[in-house]
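**Q** Full structure from sequences and hints, please.
This is what each chain is made of:
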Amino acid sequence: VTRVSAPVDQGRRIGSVEILAVVLVLLVVLRNPLAGLISAPALQTWTTVFVSVLVQAVPFLVFGVVLSAVIAVYVPRSFWARALPRHPALAVPAASVAGVVLPGCECGSVPIAGSLIRRGVTPAAALAFLLAAPAVNPIVLVATAVAFPDNPEMVLARGVASLIVAMIMGWMWLRLGRAEWIRLPHRPDLDDMSRGRAFWAAARHDIMHAGGFLVLGAAAAATINVLVPEAWLQTLAGNPVLSVLALAVLAVLLSICSEADAFVAASLSQFSLTSRLVFLVVGPMVDLKLISMQTGVFGRRFAARFSPATFVVAVVIGVAVGSVLL
Amino acid sequence: VNRQAQAVIMLLFGGAILKAGFTDLYLRYVKEGLRPFLLAAGFLLVAGAVMTLWYEFRRPAGRDEHAHHEPRVGWLLILPVLGLLLVAPPALGAYAAGQAGSVLAAQSSESDYPALPPGDPVPVTLLDYASRAVFDDGRSLTGRTIRLTGFLTPGADGRPVLARMILSCCAADGRPIKVGLDGDDIGAGSDGNTWVQVDGVYSERRGVDTINQAAVPYLTVTAWQEITPPKQQYE
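Chains A and B supply the protein sequences, listed in that same order. Under this note's numbering, the first residue of the first sequence carries the number 1, and numbering increases by one thereafter. Under this note's numbering, the first residue of the second sequence carries the number 1, and numbering increases by one thereafter.
None of these hints come from the bench; they were simulated from the model. All C-beta atoms, glycine included, are put in the ideal place defined by N, C-alpha and C. Some clues are possibly wrong.
[Claimed, not checked] Label-pair distances were calculated between CB atoms; the ranges are:
1. A:L326 with B:E32: 25 to 35 Å
2. B:A115 with A:G196: 27 to 37 Å
3. A:L325 with B:P154: 34 to 44 Å
4. B:P114 with A:A81: 55 to 65 Å
5. A:V75 with B:T23: 33 to 43 Å
6. A:A304 with B:F22: 37 to 47 Å
7. B:D182 with A:G36: 34 to 44 Å
8. B:K231 with A:R178: 45 to 55 Å
9. A:R301 with B:R205: 39 to 49 Å
10. A:V22 with B:A156: 46 to 56 Å
11. A:V228 with B:P154: 18 to 28 Å
12. B:R72 with A:G196: 38 to 48 Å
**A** Written as structure tokens, this is what we have:
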């Protein structure tokens with residue numbers, strides 16, 4: 001079989017590189033007309049926001065991918081069995097708390113969670129980690145404290161609400177989740193490779209995969225950023241129910257990194273503290289670039305269920321915690 | 001995308017990130033503090049590309065496994081390369097500032113404002129000027145000549161106001177800080193995105209940003225001139 005398919009693959013490979021070369025040459029030749037096309041201020045702002053979301057996310061993506069390749073290649077499967085409580089229901093809170101100490105961004109935690117599942121960690125725990133890691137870590141909590149100097153209780157409320165959501169989602173997965181919803185993308189079989197080779201193969205695959213979906217998400221976020229004028233939002237601020245829903249949806253659409261969203265929330269000063277807390281709880285767990293990356297890494301059937309469920313739980317818990325603590 | 005093409009895309013992507021990090025290009029999109037991480041990420045991407053090519057050319061012939069399973073979505077990584085190397089969009093300016101409300105509402109109202117540093121005129125950031133003016137009633141500003149630098153953007157009444165974008169993480173969260181200008185035809189005939197340096201004194205006049213009802217303090221301008229945009233356009 002290999003012999004028969006080898007010439008075909010040979011043809012495909014040359015094709016792929018050649019297409020790339022032609023595309024690149026065309027882009028360089030057409031550079032000036034292209035630049036002219038996007039000179040309108042709205043399009044220019046779109047391009048700036050698109051590029052900046054990516055530039056901001058690249059270090060987190062790369063470090064997350066490297067960490068996930070290390071997990072895939074250098075951490076033996078037995079390690080996770082020993083590190084996490086054996087009972088899945090106990091592994092969920094343990095993984096959530098592990099997410100707290102690991103400073104990271106949502107773009108990095110998606111490939112890490114995928115890698116954990118591949119290495120035999122129970123999906124419920126990996127998903128709790130996925131939600132907790134970007135939402136509650138030291139950098140994010142300090143940023144929140146700086147952004148809300150007059151409301152230190154915001155930091156506590158954010159941490160508590162995010163942890164609760166992460167654990168609820170983990171436990172919900174134990175009760176309702178089905179293993180077949182998660183379809184991890186085919187990754188080159190790492191077991192029969194040397195370790196160095198396996199490491200780079202895993203890293204390359206994840207960069208191309210998660211990176212491609214990150215580009216999609218960044219484009220969507222930039223579009224929303226340009227299309228939704230802030231003036232519309234402000235008209236919703238007066239209504240307690242609408243303001244919560246508006247900021248929850250905005251958090252999904254804007255896809256701001258969790259290190260920065262507190263500053264944006266602080267500047268939405270017309271809105272109630274509770275609605276801004278919901279913005280901070282939803283944002284790191286469900287947003288356009290995350291949905292895009294989760295679709296890529298875990299599969300469409302997973303993302304179509306997990307993201308809406310997380311959204312609802314995050315809004316409910318955000319309102320509940322907000323009404324108690326704020 | 002087969003592995004060689006992936007390696008080329010990674011190389012270009014890493015190269016674009018490195019180029020942005022080694023020049024001042026990255027300052028248009030992210031905070032200065034991200035630079036070391038950008039450079040590290042760029043080097044790792046280039047290393048990944050080189051290692052992929054290395055293993056690819058050393059691979060024994062006939063062991064070509066699963067070429068068709070390679071992620072096709074990776075092609076999209078060409079877009080940021082294109083954006084950084086060919087287009088290099090400018091920093092957020094007058095258009096973005098006109099779309100969003102002034103950030104001043106976010107400031108703490110209990111801070112102490114120390115005396116301004118010496119200098120005549122004394123250069124002050126827009127955010128510092130606006131906070132001192134609005135939350136400290138300009139106490140630390142009276143009697144001094146202030147120098148502000150920013151770009152002109154149309155204000156609520158159609159007259160240009162001075163603005164500067166503030167980033168907390170990247171340009172996606174960029175928000176403007178706005179200061180009104182009292183005085184003769186500043187920026188008359190400006191087509192937006194004109195950078196100016198204005199000298200002036202504290203004014204008690206207050207405006208309101210119609211987008212988010214944030215207070216917009218004013219400066220009574222005594223002198224102004226157009227300047228070339230600074231290297232770091234954000235505050």
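**Q** Decide, hint by hint, whether the structure agrees.
**A** Verification of the hints:
The hinted range of 25 to 35 Å is satisfied by L326 of chain A and E32 of chain B, whose Cβ atoms lie roughly 34 Å apart. Take A115 of chain B and G196 of chain A: their Cβ atoms lie about 60 Å apart, and the range 27 to 37 Å is violated. With their beta carbons about 41 Å apart, L325 of chain A and P154 of chain B fall inside the hinted range of 34 to 44 Å. Here the CB-CB span from P114 of chain B to A81 of chain A is close to 57 Å, well matched to the stated 55 to 65 Å.
Separation of V75 of chain A from T23 of chain B is about 38 Å and conforms to the stated range, judged on CB atoms against 33 to 43 Å. Evaluation of the 37 to 47 Å hint for A304 of chain A and F22 of chain B yields a pass: the beta carbon distance comes to about 42 Å. Between D182 of chain B and G36 of chain A the Cβ separation comes to about 38 Å, which falls inside the hinted range of 34 to 44 Å. Separated by about 54 Å at the C-beta atoms, K231 of chain B and R178 of chain A satisfy the suggested range of 45 to 55 Å.
At about 59 Å, the beta-carbon gap between R301 of chain A and R205 of chain B misses the expected band of 39 to 49 Å. Checked against the hint of 46 to 56 Å, the pair V22 of chain A and A156 of chain B passes, with Cβ atoms roughly 50 Å apart. At roughly 20 Å, the beta carbons of V228 of chain A and P154 of chain B sit within the given window of 18 to 28 Å. Between R72 of chain B and G196 of chain A the CB atoms are about 26 Å apart, so this pair departs from the stated range of 38 to 48 Å.
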